[in-house]
Amino acid sequence: MMDLADYEWHYYSGGNCALKRRKYGGVLATIIHNNQGIYEAAINRKDQVYPREENFISVGVFNDSNEAQAVINQILEEKFNE
1 MMDLADYEWH YYSGGNCALK RRKYGGVLAT IIHNNQGIYE AAINRKDQVY PREENFISVG
61 VFNDSNEAQA VINQILEEKF NE
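Counted from 1, the sequence shown has number 5 at position 5 by the working numbering; the numbering is strictly sequential.
Where hints are given, some of them may not hold.
[Stated by the list, open to error] Restraint ranges, calculated between C-beta atoms of paired labels, are given here: (1) N81 - I38: 29 to 35 Å; (2) G25 - K79: 32 to 38 Å; (3) N81 - E53: 23 to 29 Å.
Hints are computed from structural coordinates only; laboratory data are not their basis. Bear in mind the structure is a predicted one, so any value in this text is a computation, not a measurement. We put the CB at the ideal spot given by N, CA and C, even for glycine.
Build out the structure end to end from the sequences listed, making use of the hints.
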C-alpha cells in the first residue's frame, strides 16, 4: 500500500509543479501556472509514470500556488486514509 509520504513536489520554471512518486517518478498531481497569478490544480486518476492529459481531473483554479498545493494535499490525504 502506498502512502502520501512516497511522493514529493517537483518545481519547474514558469511556476508549474508536479507531485511525483519518489521512486519511478509517477505523477499524482500537477499545478499549472496558466496566467499571471492563476494556478490550476489537477489530480491524476491513474498512477502512471507518463500520465495522459485526459487522466487529470481539475480540482480548482487558485490565485496562489500554495493554496492549490494545500487543496491537493488535503484531497490526497483523505484518499490515502480511506
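Going through the hints against the structure:
1. N81 - I38: 29 to 35 Å: 30 Å, holds
2. G25 - K79: 32 to 38 Å: 20 Å, violated
3. N81 - E53: 23 to 29 Å: Holds, since N81 and E53 (Cβ atoms, about 28 Å apart) stay within the stated range.
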